[in-house]
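Enquirer: Taken in order, these protein sequences are the chains called V and L. Residues in the first sequence are numbered consecutively from 1, following this note's numbering. Residues in the second sequence are numbered consecutively from 1001, following this note's numbering.
A portion of the hints provided could be inaccurate.
Mimicking DSS-like on lysine-lysine, the simulated pairs with C-alpha atoms at most 30 Å apart in a straight line are [what the hints assert, rightly or not]:
| id | chain 1 | residue 1 | chain 2 | residue 2 |
| --- | --- | --- | --- | --- |
| 1 | L | Lys1162 | V | Lys177 |
| 2 | L | Lys1235 | V | Lys77 |
| 3 | L | Lys1235 | V | Lys86 |
| 4 | V | Lys77 | L | Lys1078 |
| 5 | L | Lys1148 | V | Lys177 |
Each pair of labels, with its calculated beta carbon distance range [as the list claims (entries may be wrong)]:
| id | chain 1 | residue 1 | chain 2 | residue 2 | range |
| --- | --- | --- | --- | --- | --- |
| 6 | L | Leu1282 | V | Lys310 | 40 to 48 Å |
| 7 | L | Ser1054 | V | Gly284 | 58 to 66 Å |
| 8 | V | Lys30 | L | Met1146 | 49 to 57 Å |
| 9 | V | Lys310 | L | Phe1237 | 26 to 34 Å |
Simulated from the structure, these hints should not be mistaken for laboratory data. If you're wondering where the values come from, they're calculated on a predicted model, not measured in any experiment. Just so it is clear, CB atoms sit at the ideal spot from N, CA and C, and this is done for glycine as well.
Spelled out from the first residue to the last, the chains are:
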Amino acid sequence: MLRKSTLLLLVLLLVASVFVPATLAEEPIKITVLNYFDLTAPGAEREINEVWYEFSVRNPHIIVEREDLFLEPFHQKTEAYAAADKLPDVVFMWPGGRSTSLHTLGLVKDLRPLLGDDAKYYQEAVLAPQAGGYLAELPQTMTSSHALYVNVPLLESLGLSVPETYEELVAMVPVLKANGLDTILMGAQDDWVIQSCLFSMIVGRLVGDEKLYEILRGEAKFTDPEFVGALEFYAQLYEDGVLNRKIMQTSYAEVNGLFATGRAPFLVDGDWKVSNFLTDLTTGEALIPVDKQPEFKMTIFPAIPGEINKASSSGVVGVGFGMNAKIPAGSAKEAAAWELIKWLQGPEVQKMRLETAGTIPSRIDVTSDNIEPLVVERIRYYEDILVTTEVLDNAFEGEVYTPINIGLQEIGLGFATPMEVAQRTQEAFDAWFARQ
Amino acid sequence: MKRVVQWWTEERRAYLLLVLPAVAVYWAVMAFPTVFSFILSLTNYNGGPIFGNSNIQLVGFRHYLRMFNDQYFWISLKNNGLIMAVSVFGQIPLGFLFAYVIHRKLVKFGDFFQTIVYLPCVISTIIVGRLWQSFFSPYGPFTEFMQKIQPGWENELFYDPKMAIVPVLFVILWMYTGTYMIMFLANLQKIDPALIEAARIDGATEWQVLLRIMLPSLSGVIVTACILAISGSLKSFDLLYAMTGGNPARRTSVLSLYMWDNAFRHAPNYPLANAISVFMVLVSFILILLVRFTEAKFGGRED
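Modelling step: build the complete structure from the supplied sequences, incorporating the hints.
Expert: Structure below.
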């Protein structure tokens, strides 16, 4: 009898050892992610290992299916997903601009309730309501869409120094031209670049956010003298030789090498461009080697005649990840998606982004002593900015800023006048406004 | 009952068995999307679910009117016309010329030249686009080469609205001529050599052999090549997307890029994008019918 009961117990234990772990173990949860990722950036390998692989190691019960895209293909895929109502569970987003429809159509959740007490770890400004009036994505950084990168030794070799005013910049043009150099480089073959990285700053200086908000409310027009004046100043950049039409034939990637090899002393781009010049860990090489990086300076465009905002730059509270609104509240999937978003904006990841791309952390508890000189310069660069103004593609819907994007190229090529572009933009705005 | 039995013959069953799968696939991936695209082009659909969406309403031909009133539509259409012209009057004659020269052994190392001409076809279009974009860049090899010849030369190829598409046309000619060469070469090899030999014995010149034997024998192939060239020209997208993205200022855009811009770039307008695609289908049909008509009237002397 004893033998029988022992045998029974052993059989039960054997059965339990086979079935119990399987039933008690957590069911793997699959999370789909649309990630904005430049695979050619020097810090790409660290991101794959330290962000995505590390998350899968720490959370074996969460299976992440990630889709990496960059620049236009990313935005186009996002729109396609949104149109098809098949948004991934976690999606990289802007606080407005190209992601506006995700906010305003309520395709992503309000993350504030999920954030709870963890809000104390973030700078207050980054948790402000976004385009849809709620916290649709948890920002990982602050972003300045305009920066003037300066090759200081190249300037000094020609007896020039960093210009303080637009007049000083114009005075440099003949000297640079005589030495076979361009003045300002931009990779503006894609039409968003001029609007985002240069013209938004000009509008901030000459028009100001208040006027933009008046336009947005229908109380002012793009054809008003202030906005047309900003377009006219932009047109003048070509007349003065500060900008060359070559920028519209230069791709966004090509310009990195051109600036690093001294084809011009200035480059206008967003502050994120820094990451393209840093050391690539896989090769140990950098477009601008670490020992040369202190020779490069980041600043803002010099003072523009008639500006109403001094030392301003255009910028947005940064990008981050949002969560598909269709995920049921309180579900295991929501918990898994939030775990991923928390990790992506957590201290380890923000520290890595600071070291690889000089991304200004949105958390208050992130620092590092392992950063390259250009990253230090990117942090210092924010001291030059007294006022941060709107980026046009963040303030307006795509339907409205598209005529500006195309129009800026047309002005540069001499195909359209500033007033014509202003009128076309106003027509697009009127059509959009009428539907609101 | 008897009539039904007669209709449902073994022959008919076999016929349906063979034809229905192809018809079903064709309907699913070609005909239905085309019809559905036309319906969407008449609505105000702006994303989200299509079926059961009560916000979708018919708005008539509003999007077609907007399309015809948009200057970028006409720029794109003109560029498509130029690409078509280069394809039909550039790629096909050149492809035939290369095929003829190689087939008739008018040059040595025919296999080598065949490989050289066909090589661009086996390279990814995106890579080809990027390579040529770098080549024509104001800081690229083309500019440097021209500056060696003429110091101070400025690369303004893309700034003149009439010239901006020219580098793209050159690349299209370079890239796809090999396809037509292979097509013609394969068909030239099917012509009975005895026929050509007999003509030569009878005193025909090379020119007469070409005009009286070769070209008539290939009229069907030429029509096929024209249809491929026309449809290929209308759907050309990848090379332009990689090389110029339709810029500067949309001056190198084509209808497919224009459609893409309206569907996915900046300000999605799906009905307008569908209207553009319907227009492209209609243009394709008309042009292919035109080619068919031309072939029926002037070609078809193979017999």
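Enquirer: Give a verdict on every hint.
Expert: Results for each hint:
1. Between lysine 1162 (chain L) and lysine 177 (chain V) the alpha-carbon distance is near 28 Å, which keeps this suggested pair within the 30 Å criterion.
2. Proposed proximity of lysine 1235 (chain L) and lysine 77 (chain V) is supported: the alpha carbons are some 20 Å apart, at most 30 Å.
3. Of the pairs offered as hints, the one joining lysine 1235 (chain L) and lysine 86 (chain V) holds, with about 27 Å between alpha carbons and a cut-off of 30 Å not exceeded.
4. Restraint check: the Cα-Cα separation between lysine 77 (chain V) and lysine 1078 (chain L) comes to about 28 Å, which is no more than 30 Å; the hinted pair holds.
5. Restraint check for lysine 1148 (chain L) and lysine 177 (chain V): the C-alpha separation of about 18 Å stays at or below 30 Å, so the hint holds.
6. Checked against the hint of 40 to 48 Å, the pair leucine 1282 (chain L) and lysine 310 (chain V) fails, with Cβ atoms roughly 56 Å apart.
7. Roughly 60 Å separates the CB atoms of serine 1054 (chain L) and glycine 284 (chain V), a value that falls within the hinted 58 to 66 Å.
8. Judged by the Cβ atoms, the range 49 to 57 Å given for lysine 30 (chain V) and methionine 1146 (chain L) holds: they are separated by roughly 55 Å.
9. Taking the beta carbon of each, lysine 310 (chain V) and phenylalanine 1237 (chain L) are about 46 Å apart, not inside 26 to 34 Å as hinted.
Checked against the numbered hints above, the structure breaks hints 6, 9 and satisfies the rest.
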